[in-house]
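Number of protein chains: 2
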Amino acid sequence: MSIRKPKKLLNDPRDVPEEQLQGLIAACGGDLQRVDGYSAVIRRDIPDNQVAVLIGGGSGHEPMFAGYVGKGLADASALGEIFTSPSPDIIIEAAKAADRGQGVLFVYGNYSGDNMNFDIAAELLEEEGVITRTIRVTDDIAIDKKSDRRGVAGDMMVLKIAGAAATRFDSLERVHQLAVKANDNTRSMGVALSACSLPQTGEFNFELADDELELGMGIHGEQGVRRQKMAPADEIVTEIIERLCADLPFVSGDRVSLLINNLGGSTVTELLIANRKANQLLTERGIIIHDTLIGSYCTSQEMSGYSITLMKLDAELQSLYDAPCHSFAWRK
Amino acid sequence: MSIRKPKKLLNDPRDVPEEQLQGLIAACGGDLQRVDGYSAVIRRDIPDNQVAVLIGGGSGHEPMFAGYVGKGLADASALGEIFTSPSPDIIIEAAKAADRGQGVLFVYGNYSGDNMNFDIAAELLEEEGVITRTIRVTDDIAIDKKSDRRGVAGDMMVLKIAGAAATRFDSLERVHQLAVKANDNTRSMGVALSACSLPQTGEFNFELADDELELGMGIHGEQGVRRQKMAPADEIVTEIIERLCADLPFVSGDRVSLLINNLGGSTVTELLIANRKANQLLTERGIIIHDTLIGSYCTSQEMSGYSITLMKLDAELQSLYDAPCHSFAWRK
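Chains as they are written, first to last, in the UniProt record's numbering: chain F, 1 to 332; chain S, 1 to 332.
Just to be clear, a hint being listed does not mean it is correct.
If several chains are the same, the list does not tell them apart, and a pair holds so long as it fits within one copy or across any two.
Claimed, not checked - Below, simulated DSSO-like cross-link-like pairs (lysine-lysine); rule was C-alpha separation at most 30 Å, straight line:
hint: 1; residue 1: Lys145; residue 2: Lys181
hint: 2; residue 1: Lys332; residue 2: Lys71
hint: 3; residue 1: Lys332; residue 2: Lys96
hint: 4; residue 1: Lys229; residue 2: Lys146
hint: 5; residue 1: Lys5; residue 2: Lys229
hint: 6; residue 1: Lys181; residue 2: Lys96
hint: 7; residue 1: Lys229; residue 2: Lys332
It is worth saying that the hints were derived from the structure and are not from the lab.
Nothing here was measured: the structure is a model prediction, and the numbers come from that model.
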């Protein structure tokens with residue numbers, strides 16, 4: 001085990017969530033509006049009579065979640081401290097700021113803290129006359145039981161479909177229905193080579209030996225499916241693609257969006273090499289790659305490693321997936 | 001000093017440049033075409049009678065350089081081994097594949113190996129009737145003497161202007177002239193927190209103590225202006241912005257594009273916190289931020305740290321900067 005300490009260029013570590021949110025808003029040239037007094041943003045031009053889509057969760061996964069607030073994606077984002085669910089009041093204020101009388105869809109990853117806080121927010125909002133629906137993203141196949149699965153980079157796929165449906169003024173029921181379908185069609189699995197550290201503690205949240213990797217690790221360092229010795233990239237990518245394809249299943253003739261997501265500290269070199277193999281394997285299986293995304297979309301601080309996500313696109317999902325969107329982290 | 005070994009998910013390290021190029025081509029869904037037998041790509045749809053813009057240099061800085069091949073940016077890219085200039089034959093074949101009879105502009109960073117190989121290629125191409133012009137990017141202000149300055153992330157700013165000018169069918173002389181102007185208007189400086197490692201050696205190429213950073217370090221680990229103890233992010237960003245503004249100088253009323261470029265291993269968190277301060281400082285100085293780019297644009301493998309680039313936009317440069325572009329790494 002190498003002795004290594006986290007090393008990041010920060011100010012006061014307690015200010016990280018606030019300062020990075022300010023940095024994001026500054027980067028978006030007026031497209032984002034702060035929800036006064038809360039760790040939340042909305043987009044500035046939410047049309048009247050549109051269902052509002054709200055994405056949220058703990059900070060620390062940047063550009064997830066606030067980086068997806070923009071036209072065709074999320075209308076609002078509620079953010080917690082690093083790796084901590086936003087409290088109900090943040091969710092409530094973000095939802096109220098974004099609501100245009102047609103209700104709010106909550107999109108978030110399936111974690112107990114988020115589930116509890118978003119559910120409390122939904123109840124309190126209902127009392128105030130704001131209708132909500134919820135989709136908990138469960139794309140991480142590292143856990144067997146579907147209802148227990150975590151939401152990881154697949155959040156952005158589900159959001160893309162929901163955001164596009166809301167943008168064409170679908171009803172809350174319909175946007176929710178399509179988000180459920182998107183989640184049902186999305187699968188992810190990751191591999192980690194090193195730990196992530198929390199700014200507030202200045203410590204890594206787990207240890208991984210110099211010659212080991214962990215397959216299926218979660219984006220907060222949750223246990224994956226296996227620790228093993230380092231192996232060639234092609235071997236790891238092959239196992240991930242095989243597991244993803246077996247799970248849905250994805251079969252010959254299916255059309256997919258493919259995402260190679262940097263968990264934080266991997267080089268673009270490694271992501272491209274992963275994509276080379278993933279592309280080969282999917283093509284060999286007769287699976288059509290409709291679109292490829294490669295980069296830092298849902299991170300875990302400086303964790304080295306990546307996740308691979310596949311979303312199966314039928315004609316309905318494909319037309320929503322192809323719709324334009326414009327945010328800090330995703331532009332189409 | 002912590003004992004740390006490089007840890008990346010690769011196959012045979014000698015295959016890294018080739019495999020990552022294949023991964024990039026696979027990600028671009030048919031937009032890129034391999035120059036057969038060479039470590040080079042062109043875009044598939046270069047119009048007749050257009051000046052070709054060729055960008056190139058060593059591999060290892062992904063998505064620089066091949067990630068910028070696409071409409072409105074580069075028409076071709078010639079790539080060397082990791083941190084090594086492409087040989088003249090690669091440059092020559094890439095140039096010939098991209099040339100549409102109007103000549104080829106070479107855009108690359110000012111390094112002796114690149115200078116030599118691109119100059120040899122230019123001479124040999126002239127003998128074959130292919131006219132070339134050259135712009136060596138010199139944006140890194142860590143070196144005092146302007147003509148000795150290295151090209152770093154500013155390459156992409158100069159390329160953006162040249163690519164937009166070529167796309168509107170400007171002549172080779174005019175495209176070259178505008179690229180020179182773009183380079184004259186662009187300044188960068190970086191800060192490194194950790195070393196980069198070369199896949200082919202499996203070793204870090206320098207050492208940096210756990211409690212130290214280096215200001216002004218180059219993208220191959222070249223010496224910067226100073227090593228010092230770790231400091232708050234705002235302090236470092238302030239020094240970089242002050243140095244950049246003093247150098248050109250950038251003054252009140254100037255309009256700029258601002259790039260916060262991940263050198264590889266920094267978290268998005270750190271980039272956003274850097275942007276928060278850079279935005280504050282520039283605004284205080286009366287400098288207008290026309291556009292903000294944040295992400296991995298010109299990396300140095302897993303080096304932790306970032307560079308900040310400013311390009312001053314007059315009306316002519318701004319209209320070229322705002323023109324649409326479409327490549328793996330930059331879409332407008």
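Alpha-carbon proximity between Lys229 and Lys146, which holds within one copy, between copies, both or neither at 30 Å = Within. Shortest intra-copy distance 28 Å satisfies the 30 Å Cα cut-off; inter-copy 48 Å does not.
query = Between copies, within a copy, both or neither: which fits Lys5 and Lys229 at Cα up to 30 Å?
reply = Both: 22 Å inside a chain and 15 Å across chains, each within 30 Å.
Lys181 and Lys96: within-copy, between-copy, both or neither at 30 Å Cα = within (26 Å within a copy, 49 Å between copies)
key: Alpha-carbon proximity between Lys332 and Lys96, which holds within one copy, between copies, both or neither at 30 Å   = within (28 Å within a copy, 32 Å between copies)
ask   = Is it within a copy, between copies, both, or neither that the alpha carbon of Lys332 lies no farther than 30 Å from that of Lys71?
value = Close inside one copy (10 Å) and across copies (15 Å); limit 30 Å.
inquiry  = If the cut is 30 Å between Cα atoms, do Lys145 and Lys181 qualify within a copy, between copies, both or neither?
reply    = within (18 Å within a copy, 59 Å between copies)
message = Treating 30 Å as the Cα threshold, decide for Lys229 and Lys332: within, between, both or neither.
response = neither (39 Å within a copy, 42 Å between copies)
Checked against the numbered hints given earlier, this structure breaks only hint 7.
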